[in-house]
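Each chain, letter by letter, is given below.
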Amino acid sequence: MSGSSIFVFIFAMWILIIIGGGISVLILAPIEISGYGEFALIISSAIKAVVSIGLVVAWIFILSKVKNWIFRSQLKV
Amino acid sequence: MQHQIIAAIIVSSIAFFSVFVITPFLIKALEKRNSVVKDYHRKGGAMVARPGGPSLIVGILISGIVLYAFFPKTEIIAILTTTALAFFVGLVDDKKVMGGWFKPLALAATAIPILLLGAYDSDLSFPLFGDVKIPLLYLGVVVIMISITGNTINSIDVLNGVASGFMVIAGSALTISLIILQNYEVAIASLMLVFVSLAFYKYHKFPSKIFPGDSGALTLGAMYGAIAIVGQVEVVAAIALGPAIINSFLFLSSMKRIVEHREIKAKPVSLTEDFKLKATSDKDASVTLVRLILAGGRPLTEKEIGYVIFRLTIFSGILAIITAFMMEISL
Numbered sequence: 244m245s246g247s248s249i250f251v252f253i254f255a256m257w258i259l260i261i262i263g264g265g266i267s268v269l270i271l272a273p274i275e276i277s278g279y280g281e282f283a284l285i286i287s288s289a290i291k292a293v294v295s296i297g298l299v300v301a302w303i304f305i306l307s308k309v310k311n312w313i314f315r316s317q318l319k320v
Numbered sequence: 131m132q133h134q135i136i137a138a139i140i141v142s143s144i145a146f147f148s149v150f151v152i153t154p155f156l157i158k159a160l161e162k163r164n165s166v167v168k169d170y171h172r173k174g175g176a177m178v179a180r181p182g183g184p185s186l187i188v189g190i191l192i193s194g195i196v197l198y199a200f201f202p203k204t205e206i207i208a209i210l211t212t213t214a215l216a217f218f219v220g221l222v223d224d225k226k227v228m229g230g231w232f233k234p235l236a237l238a239a240t241a242i243p244i245l246l247l248g249a250y251d252s253d254l255s256f257p258l259f260g261d262v263k264i265p266l267l268y269l270g271v272v273v274i275m276i277s278i279t280g281n282t283i284n285s286i287d288v289l290n291g292v293a294s295g296f297m298v299i300a301g302s303a304l305t306i307s308l309i310i311l312q313n314y315e316v317a318i319a320s321l322m323l324v325f326v327s328l329a330f331y332k333y334h335k336f337p338s339k340i341f342p343g344d345s346g347a348l349t350l351g352a353m354y355g356a357i358a359i360v361g362q363v364e365v366v367a368a369i370a371l372g373p374a375i376i377n378s379f380l381f382l383s384s385m386k387r388i389v390e391h392r393e394i395k396a397k398p399v400s401l402t403e404d405f406k407l408k409a410t411s412d413k414d415a416s417v418t419l420v421r422l423i424l425a426g427g428r429p430l431t432e433k434e435i436g437y438v439i440f441r442l443t444i445f446s447g448i449l450a451i452i453t454a455f456m457m458e459i460s461l
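One line per chain: the protein sequences are U and P, in this order.
Here the first sequence is numbered in the working numbering, starting from 244 and rising by one per residue.
Here the second sequence is numbered in the working numbering, starting from 131 and rising by one per residue.
Do not rely on the hints blindly, as some may be mistaken.
As the list claims (entries may be wrong) - Simulated crosslink set (DSSO-like; lysine-lysine; CA at most 30 Å straight-line):
1. P:Lys-335 <-> P:Lys-263
2. P:Lys-406 <-> U:Lys-310
3. P:Lys-263 <-> P:Lys-413
4. P:Lys-406 <-> P:Lys-263
5. U:Lys-308 <-> P:Lys-226
6. P:Lys-397 <-> U:Lys-310
7. P:Lys-225 <-> P:Lys-173
8. P:Lys-225 <-> U:Lys-308
9. P:Lys-263 <-> P:Lys-162
10. P:Lys-158 <-> P:Lys-413
11. P:Lys-397 <-> P:Lys-413
12. P:Lys-158 <-> P:Lys-203
13. P:Lys-433 <-> U:Lys-310
14. P:Lys-158 <-> P:Lys-168
15. P:Lys-397 <-> P:Lys-168
16. P:Lys-408 <-> P:Lys-158
17. P:Lys-413 <-> P:Lys-339
18. U:Lys-308 <-> P:Lys-335
19. P:Lys-397 <-> P:Lys-408
20. P:Lys-408 <-> P:Lys-263
21. U:Lys-310 <-> P:Lys-339
22. P:Lys-413 <-> U:Lys-310
By construction, these hints were calculated from the structure, which means they are not laboratory data.
Every value quoted in this text rests on a predicted model; they were computed, and no experiment measured them.
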């Protein structure tokens, strides 16, 4: 069937989103900074932003590897 | 609950029939003004009216105002304002060819009404694992979400009927998910999106009588993103968009930069003598969803490729609905 490997890729992407979401909650949720008064929220948000960007980069890297593996024959077009 | 059902029926009917009735007049008006583009994939290269965005935005605004009369909530105003702004961004791009960065940046600005009206919850919900509080970071999520949804729908608008048909399926999955999560008012707004897309599909399906253009595609995409944010179903919405996200992901990872399709000379697909599409072997061409569907297989008609994309979208939609159920479970 046309595009059958794309179904596999969509499923892999879904699994990665579920796992990535779980990791985000486990890593980002506990980050709380105290002792800096009104700047605490900004500092904790900045740390969360840096960690989030790192997670997104890692997610895209993994997805890219999965893409190359699933579409190894098609990408030789 | 009865109130919501009545509102859903009335709003959906207005959304559907307004676009269904207005679009033929828009087609005639566009043809009269010679606002037409060549459909290169069709035998004889028919001239097709463009853009269809005006009929979509009229349908959305009329039905949206009726929805607001039923439920006077700022969330509905936020969805409508963002959608209207995205329509104008698209209209500018329809009238004047803008650079590759214009749409992502301008679409990001259309998210401002959601932020100003405070029509969002800064807790990002994930299936099985619960919420994560990101009060400041979430502002960035709002801006990026609208930009991504608008552009992904625009990038999948490459074949007759695909953008509108895709939105019918993805929007339906989003509506069902919102109902599962008992967010009924936003579910009706999502239903509105489904019905305007369905009415437009009648004229956009193969052989197209009208193309949505940037104004149409960005309107649908930005509205989808706004509903996802206001309805707190960002992750579910992203999953339902699966094939469109893959298309953008493949395109960006092959091009390694943000660039307009029209700026790329190498073609990812070509036409056979019997007007079927086949993947090219050009190494400089972008990798797209359509190229991937055709790679290694026989050439397909535009209609057949459209149906493959719809099957992929149904699959993504089912995964999105499963995800919505998983939102109710916490490990």
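Legend entry - Numbered hints the structure breaks, given as an ascending list: 1, 3, 4, 5, 8, 9, 10, 12, 16, 17, 18, 20, 21
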